[in-house]
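Chemist: What follows is the residue order along each chain.
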Amino acid sequence: MAIKTKLCLTIFLFFLLALLCSNLVTAREDEDPKVTTCKDHCEVEHQYDEEDKRICKEECEDYIKKKQERQTHKEREEKEQEKEQEQEEDENPYVFENNDFETKIDTEDGRVLILNKFHEKSKLLKNIENYGLAVLEIKANAFLSPHHYDSEAILFNIKGKGIIGLVAEDRTERFNLVEGDIIRVQAGTPMYLVNRDENEELLIAAFHMPPSSDSAPVNLEPFFGPPGRNPDSVLTAFSSKVLQAAFKSSRGELETVLDEQKKERIFKIAKEDVRELAHQRKISLWPFGVLFKGPFNILSNKPTFSNQFGSLYEVGPLQEKTGLEGLNLMLSFANINKGSMSTIHYNTNANKIALVVGGEGDLEMACPHTPSSSSNSKQKRSSISYHNINAKLRPGTVFVVPAGHPFVNIASKENNLSIVCFEVNAQRNKKLAYAGKNNIVSALDKTAKEVAFDLAAEKVDEIFERKEEFFFPYDDNEERKEERGRAFV
Amino acid sequence: MAIKTKLCLTIFLFFLLALLCSNLVTAREDEDPKVTTCKDHCEVEHQYDEEDKRICKEECEDYIKKKQERQTHKEREEKEQEKEQEQEEDENPYVFENNDFETKIDTEDGRVLILNKFHEKSKLLKNIENYGLAVLEIKANAFLSPHHYDSEAILFNIKGKGIIGLVAEDRTERFNLVEGDIIRVQAGTPMYLVNRDENEELLIAAFHMPPSSDSAPVNLEPFFGPPGRNPDSVLTAFSSKVLQAAFKSSRGELETVLDEQKKERIFKIAKEDVRELAHQRKISLWPFGVLFKGPFNILSNKPTFSNQFGSLYEVGPLQEKTGLEGLNLMLSFANINKGSMSTIHYNTNANKIALVVGGEGDLEMACPHTPSSSSNSKQKRSSISYHNINAKLRPGTVFVVPAGHPFVNIASKENNLSIVCFEVNAQRNKKLAYAGKNNIVSALDKTAKEVAFDLAAEKVDEIFERKEEFFFPYDDNEERKEERGRAFV
Amino acid sequence: MAIKTKLCLTIFLFFLLALLCSNLVTAREDEDPKVTTCKDHCEVEHQYDEEDKRICKEECEDYIKKKQERQTHKEREEKEQEKEQEQEEDENPYVFENNDFETKIDTEDGRVLILNKFHEKSKLLKNIENYGLAVLEIKANAFLSPHHYDSEAILFNIKGKGIIGLVAEDRTERFNLVEGDIIRVQAGTPMYLVNRDENEELLIAAFHMPPSSDSAPVNLEPFFGPPGRNPDSVLTAFSSKVLQAAFKSSRGELETVLDEQKKERIFKIAKEDVRELAHQRKISLWPFGVLFKGPFNILSNKPTFSNQFGSLYEVGPLQEKTGLEGLNLMLSFANINKGSMSTIHYNTNANKIALVVGGEGDLEMACPHTPSSSSNSKQKRSSISYHNINAKLRPGTVFVVPAGHPFVNIASKENNLSIVCFEVNAQRNKKLAYAGKNNIVSALDKTAKEVAFDLAAEKVDEIFERKEEFFFPYDDNEERKEERGRAFV
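Protein chains in written order, with the working numbering: chain A, 1 to 489; chain U, 490 to 978; chain S, 979 to 1467.
The hints are simulated quantities; they were obtained by calculation from the structure and are not laboratory data.
Misleading hints may appear alongside valid ones.
Here are the in silico distance ranges between beta carbons for each label pair [what the hints assert, rightly or not]:
no. : chain 1 : residue 1 : chain 2 : residue 2 : range
1   : S       : GLU1250   : A       : GLY326    : 22 to 32 Å
2   : S       : SER1363   : U       : LYS615    : 28 to 38 Å
3   : U       : LYS615    : S       : LYS1408   : 48 to 58 Å
4   : S       : SER1363   : A       : LYS321    : 37 to 47 Å
5   : S       : LYS1408   : U       : LYS791    : 54 to 64 Å
6   : S       : LYS1104   : A       : ARG171    : 38 to 48 Å
7   : U       : GLU742    : S       : THR1282   : 26 to 36 Å
8   : U       : SER795    : A       : GLU97     : 49 to 59 Å
9   : S       : LYS1104   : U       : ASP659    : 31 to 41 Å
Straight-line C-alpha distance at most 27 Å; calculated DSSO-like pairs for lysine-lysine [as the list claims (entries may be wrong)]:
no. : chain 1 : residue 1 : chain 2 : residue 2
10  : A       : LYS430    : S       : LYS1445
11  : S       : LYS1280   : S       : LYS1299
12  : S       : LYS1370   : U       : LYS737
13  : S       : LYS1445   : S       : LYS1280
14  : S       : LYS1226   : A       : LYS446
15  : A       : LYS123    : S       : LYS1226
16  : A       : LYS446    : A       : LYS123
17  : S       : LYS1104   : A       : LYS121
All of these numbers come straight from a predicted model, not from anything done at the bench.
Beta carbons: idealized from backbone N, C-alpha and C, even for Gly.
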């Protein structure tokens, strides 16, 4: 008996050893190690014939497959998210659709959508990492509660009629907003917004920037003021004792006041209240002078470029009395008529964050970076080639054009394309074009042009010169239609 | 026999398989997987009755528990360190205790403690990542050897009587320091410090900032000048040949001079030497004009706010002749009397790094970020809620209040609470309050107030208005005492 | 039988349990856990005597060793790459040789080499992470095609005779360049370069900086303008349809023009063309005023320091009409005569990126950081000690000297050493020396000097004072030769 047991044990331990070793060391590469372990056991079982082994192995697969399915299901969603992220990184880090936005506030009467942390999306966006964009949708006669941000905000009234209330230490100033209005809200300023129209939605783009150059990415976390407990006000974070001492009130009194407000952060208000808030007060006199600079309408400027194909309005750091003084930011509003396009051009200094607000069309951009090459810093020899970044544009699409990158915007044949652009680092920025009046190819001196093109200068000028500036027709020549595709492939 | 063994083997391998599979796949979630594996074995043992199984399982727990204890002990220290780190990240990245400081210099006659690399502690501190804080403790009549930093330093004399020597190309200028004195030491300037008191310790806070906006985090590595070999002087890093050529001296001569100094970096000096150094020279006349700007005393300013509950002194970027011109920094000194508190308020632009220098008390801050949410950038829908960050304050505690975050400081009933604050990004900063005279709730216009609170404006004002500004009594109402806790939970 | 089997099973399961547990829990620290597992099994085999156990264990080692060898081989290459990287990090992150450059353009007629992404090389280079350096080698009579960068570039003509063409919206301005010429090319400006000499190579250093302070690291990706398809022009990235519409041309016409240019990005041109381009036009009159600021020659300045051992020329942010206004950059050119050295000195604010352009020699620098200490942020107690960073210098070597770090440059006995330095953050920068006329040791006041050195002030002055300023003889004293090595080790 002892001998038998001993033998039995010895043989077993041998197999066990083999099994464990094989388990740990020889896992086949493409197979789940658990399946491998299980199958290895089938194999080392000398008493099995080939058929037994086969069945044993099948059972292994089956058993483990089922066990894993439950887990797999849970992981799939995660993986898909990751994959999405990777694809974004690989394919086009410069374009953001609606589903790239985070819904920060979501109520029946309005929403706040935000887009920020650009550097987490792609290394290529590092030069806009500090900025953020929010889109505010406020339904007819709705009210967005008083709140402040820890970042500077530039509001652009895209659509509808608004009221903005800005709060100082001792009083509030209100301004009515119309389409094209720009207003700056300095960091930390409490503000509220109202849609003063009874029917139309109010749509506002808010561009956020850090309050100074040495700051970190903007948070876009709103700090909602006193009223309310559900949703929270910042005061709800403080202890009861602090609140009682700060407000010199009993707990009961405080609860009465602060609990009263049970509405959402955006909610409909009575027409009389809207009318009261919309009422324009006269500019108050000294010593109660103007606390905040009112809105500036971008359409009140003469367009920088305008012809039958489109127009471009700009409000920049050099223009006074706009509220953008000292900000190193240019705000521009481009309207490209249906069937037209902008010239191929680039910004010398500015990085541009553009939001499509009307119509539809296309973006094409030349880009020397590929995400793969940018990640491989050890590559010592590189070829320079330019990629075509292209995207369909529709309302809500955001696209980024870094400084130096040539690009073009094209309106569809059906609708005019409207784009609001926030151009950061705008101080010495110029827009340089490759085509149209005043283009940098025609501007080359004769000898350099001939040397560079290996052609007579006149021949080059024939192609690059044209009388239109900045906006051109795109789709007027039907016979070119079939020739879609890259010119040089 | 062969049959028996075969049977034995077959059964065994079956169990083994079951055991391994269960081990790998079905570990229960809350139990140690090793215990689970072991217990699984007890269960699959068909020959066991229920009692056997129970005992078997108990043995499992016992056996593995003992095996692990040894390992556990070793790991515990590691884990605690990690845990500490995580807790910091998870719970309160805004508060630093004495043990968060690094002891840069540690001698019998004084110490230099530093706190920097904030961004490595938490992502939420990214906007102060470039700054650093050092605390210098210099014993009576001790001397801190000449050294320079590669960062700009703003020194604040917390306690005691100092002398600072600042070295230029051709001579040294000395200034006597008293409590409340602020002096700026530009990057790279060699300096030494002396405690000119025979008894009292000299305590100085040194706030370090990069010499320009496009720089990296400060290093807080002191570069100690010529004397000494143990501890090192920077000269000891150069080769013998370079030193001989630079100083036109033989190796022997050099060693004599440089070896002489065997003292620590902070050491006691003779009373006569202290007296000699403390001697105030007349301001020298042109052409040997003032090289360095002397100290400015923060207490010589009129307090920004002052009442029977506390006072706040500020020296900011707009005030001239303070030495802080062009720095985008505000230095403030708050004194909250025992049993009093500051109002609930926030800085619109400034990020504040505060050092408690006297008394004790509490901090409460409302914070919209949670570390978990900040790390999950893919979360597309987020609720906004505010967390209570709170901490006990005692001398040496450092806390950070980012721009926009409402907070409150409370002094204990026993002692006045004194805090030195370095507020960066101070250029357009305002302190806005939720309670007291001039608060941003009372400042809401009537209609907005009624709409936001859903209450009559008078009722709201009743709660939010009070005649005191900025500092209030905290603990005067004994009957509120038992109601500790958050107001709205 | 049942009993036997049961016993067999029971014993087995006990061993199995022991084995699994020991496997999971008691792995010895320095041994491969797989070997440990295997050996544990040998030990628990009660039927084995000591000899059996020994053999069993040996087999364990052998078996697993072989299994692992295959894997090891595969991993080795990876590890070596990592090791290489680590070594770079460990040993000297401040010095770059030719093979650290990336070859961006490589043709028969010239090359463009670049060095950037410093922060990826070492954390210690974070304060220069935004900058980049390119070296342009253009052969006799060769032409570098029109292109632009998304960064600001400061060109320094190291050697040879160049022509630079800068393109604006409506015309091009050309400037001839000679050795020592500095010219600023603003971000986005299209430019071309020509070597106007028939024999000598043109060598230019181009220092790149982001167009504003809140930007990301420079990319150094050139955007090549219209001509050419192989290599690419940026226009090749656009679709055929866009190009046809933008240039109002048929596909055929476009291809003729754009395909014509089949040359490389740098190519030889005819002597007449060079002569034509080199022709100096008169400065044009208003309204066609000067568009671009022409070159400024650094050698036209009076040297900051000059004696028989060397000279230092500087062009800084405070000097007008240099083209560097508003840039916070100082450009310096040091010439150290053979057998001479600079003083031991440091920059108070500036971080210096230096390119050796002639001769050879040595760098020694004192550095308080070690990469290991910088990575361990949790270290709460640190000793301060200074490391000797040293490197051989030869043409093409780049070295970085951060602010505050004392260093010295030494020319070889055979050749003068010439270095071009780009010093960023130069606004309030001073160069402070430890030796020579006007050194910060002699400048210590008498009492502080005596206390610090523990010696009579006269004795200290004897060593540190000398009449020469900034440049000294190095190798004049032959008898000191054998005493190589650190002075204090």
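Chemist: Would you mind marking each hint as holding or not holding in the structure?
Modeler: We went through each hint and held it up to the structure:
1. Between GLU1250 of chain S and GLY326 of chain A the CB atoms are about 52 Å apart, so this pair departs from the stated range of 22 to 32 Å.
2. Distance hint check for SER1363 of chain S and LYS615 of chain U: the Cβ-Cβ separation is about 31 Å, which falls inside the suggested range of 28 to 38 Å.
3. About 31 Å separates the C-beta atoms of LYS615 of chain U and LYS1408 of chain S, a value inconsistent with the hinted range of 48 to 58 Å.
4. Here the CB-CB span from SER1363 of chain S to LYS321 of chain A is close to 58 Å, at odds with the stated 37 to 47 Å.
5. At about 36 Å, the CB distance of LYS1408 of chain S to LYS791 of chain U disagrees with the hint of 54 to 64 Å.
6. For LYS1104 of chain S and ARG171 of chain A, the Cβ-Cβ distance of about 46 Å falls inside the hinted range of 38 to 48 Å, so the restraint holds.
7. Range check, GLU742 of chain U to THR1282 of chain S: Cβ separation about 30 Å, and the 26 to 36 Å hint holds.
8. Hint check: SER795 of chain U to GLU97 of chain A, Cβ distance near 55 Å, so the stated range 49 to 59 Å holds.
9. The beta-carbon spacing between LYS1104 of chain S and ASP659 of chain U, approximately 34 Å, falls within the hinted interval of 31 to 41 Å.
10. Between the alpha carbons of LYS430 of chain A and LYS1445 of chain S the distance comes to roughly 53 Å, so the proposed pair goes past 27 Å and is violated.
11. Simply put, LYS1280 of chain S and LYS1299 of chain S have alpha-carbon atoms about 15 Å apart, close enough for the 27 Å limit, and the pair holds.
12. Between the alpha carbons of LYS1370 of chain S and LYS737 of chain U the distance comes to roughly 23 Å, so the proposed pair stays at or under 27 Å and holds.
13. For the hint linking LYS1445 of chain S to LYS1280 of chain S, the alpha-carbon distance of about 20 Å falls within 27 Å, and the restraint holds.
14. Between the alpha carbons of LYS1226 of chain S and LYS446 of chain A the distance comes to roughly 22 Å, so the proposed pair stays at or under 27 Å and holds.
15. Between LYS123 of chain A and LYS1226 of chain S the alpha-carbon distance is near 37 Å, which puts this suggested pair outside the 27 Å criterion.
16. Straight-line distance between C-alpha atoms of LYS446 of chain A and LYS123 of chain A comes to about 40 Å, which puts the hinted pair past the 27 Å bound.
17. Simply put, LYS1104 of chain S and LYS121 of chain A have alpha-carbon atoms about 22 Å apart, close enough for the 27 Å limit, and the pair holds.
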